[in-house]
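Given these sequences and hints, build the entire structure.
In this note's numbering, the protein residues as written are 26 to 426.
Watch out, some of these pointers could steer you wrong.
Under the rule of at most 27 Å between Cα atoms (straight-line distance), these lysine-lysine pairs were calculated in the DSSO-like manner [said to hold, decoys possible]:
hint	residue 1	residue 2
1	K301	K262
2	K231	K216
3	K120	K152
4	K336	K262
5	K301	K405
6	K384	K152
7	K336	K384
8	K231	K336
9	K216	K120
10	K216	K152
11	K405	K384
12	K152	K301
13	K152	K231
14	K152	K405
FYI, nobody ran anything at the bench for these hints, they're computed from the structure. From a predicted model like this one, the values you see are computed outputs, not experimental measurements.
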Amino acid sequence: MTTETPTASRRRASFHSLTVAEVRRLTEDAIEVTFTVPAELAGQYDYLPGQYVALRTTLPDESGEPHEVRRSYSICAEPRSFEDGSSEIRVAIKKDLGGIFSTWANAELQAGDTLDVMSPQGAFISKHGKDGSTVQHNVMNSMNHPEQLAGEAGSFVAIAAGSGITPVIAIARTLLAANPDTRFDLIYANKAAMDVMFLEELADLKDKYPSRLALHHVLSREQRIAPLMTGRIDAEKLQALLSSAIHSEDVDEWFLCGPFELVQLCRDTLAERGVKPENVRFELFTTGRPDRPEGHAGRPVVEDESQDTYKITFKLDGLQGDVTSPTHARESILNAALRVRPDVPFACAGGVCGTCRAKVVSGTVTMDENYALEQDELDKGYVLTCQAHPTSESVTLDFDV
26 MTTETPTASR RRASFHSLTV AEVRRLTEDA IEVTFTVPAE LAGQYDYLPG QYVALRTTLP
86 DESGEPHEVR RSYSICAEPR SFEDGSSEIR VAIKKDLGGI FSTWANAELQ AGDTLDVMSP
146 QGAFISKHGK DGSTVQHNVM NSMNHPEQLA GEAGSFVAIA AGSGITPVIA IARTLLAANP
206 DTRFDLIYAN KAAMDVMFLE ELADLKDKYP SRLALHHVLS REQRIAPLMT GRIDAEKLQA
266 LLSSAIHSED VDEWFLCGPF ELVQLCRDTL AERGVKPENV RFELFTTGRP DRPEGHAGRP
326 VVEDESQDTY KITFKLDGLQ GDVTSPTHAR ESILNAALRV RPDVPFACAG GVCGTCRAKV
386 VSGTVTMDEN YALEQDELDK GYVLTCQAHP TSESVTLDFD V
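Structure, rendered in structure tokens:
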């Protein structure tokens, strides 16, 4: 049941069908995919370096039956537009072992294909500046001339692993172009040189900013001249890197992107060294359960009139939705909402991306995991609906604020 309610909403996640303009091979197991954004949709795809998009398509499951698959990928290039008003979105897709979407994309995706692409989302962006805003917020006014941006100078450090370089390279390009006194250090971990994504682009960026960009390639399975740059980044090596390659007391902002174990190690280590949490941005690889909720309609839940239920009310695009959820099912609010509104926004369903964020208006909930919301968002009542479960008889949420 839905009833119309007027609301002034922020731009929320929505899908549009975009055409693949180019598929470029980055490594044996990774590709860069460029989507053309027509002029009439350009405003829907404005973004800040560091943000991501979700891709959606239909692929056969293990039984051969078609089912919807969604995966999130960071945008790997700074914003740019063309004279005709069109623009583009570039993402990098690395093949994961057993990854249905990434395996298909690396083997089958080609120029001319179309995919559903969600409008850009995410908070993995720089917040450096006198007023707490990032120089990146000026990017959209000078998309083709980032060197003309008037950003505040700063010192930035990124620690990335594998495909974690994808958002970081866009952030680095933008911040370095924004101010001639900005410095950027990148510690980039991979198994071997052949696995390094955007190797040539990073070398070109180093040539462009030789004195302001420092690249520290760490290879876990390949010997390098410097012992410090060889081997897996563990607690001991990270301390050594921070002590010899980086002066942590001089850094204005940190960017961490990679698997959970590495990101958590970096966060803990930086905290021990006195780095303030508000100066650390982090993004995880999607480590949740993309099979939950199932497809785009939510996993089936059997309701029995004799059983207790939670009443869930939510607002989405100015429409109110109502659904009941059996207390014994312990389904997420997202799953329940999808059973009556298939257009409820989500991407990873694992507490990582933040696409399904909503604000609790009344009632109480509990969350299983949270790797996307910052403390100020939690304080304001925002939750990740893919991880949230009602703890009161009724709960009301708003996706539009």
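### Task
Kindly indicate which numbered hints from before are broken by the structure, ordering the numbers from low to high.
Structure breaks hints 3, 4, 8, 10.
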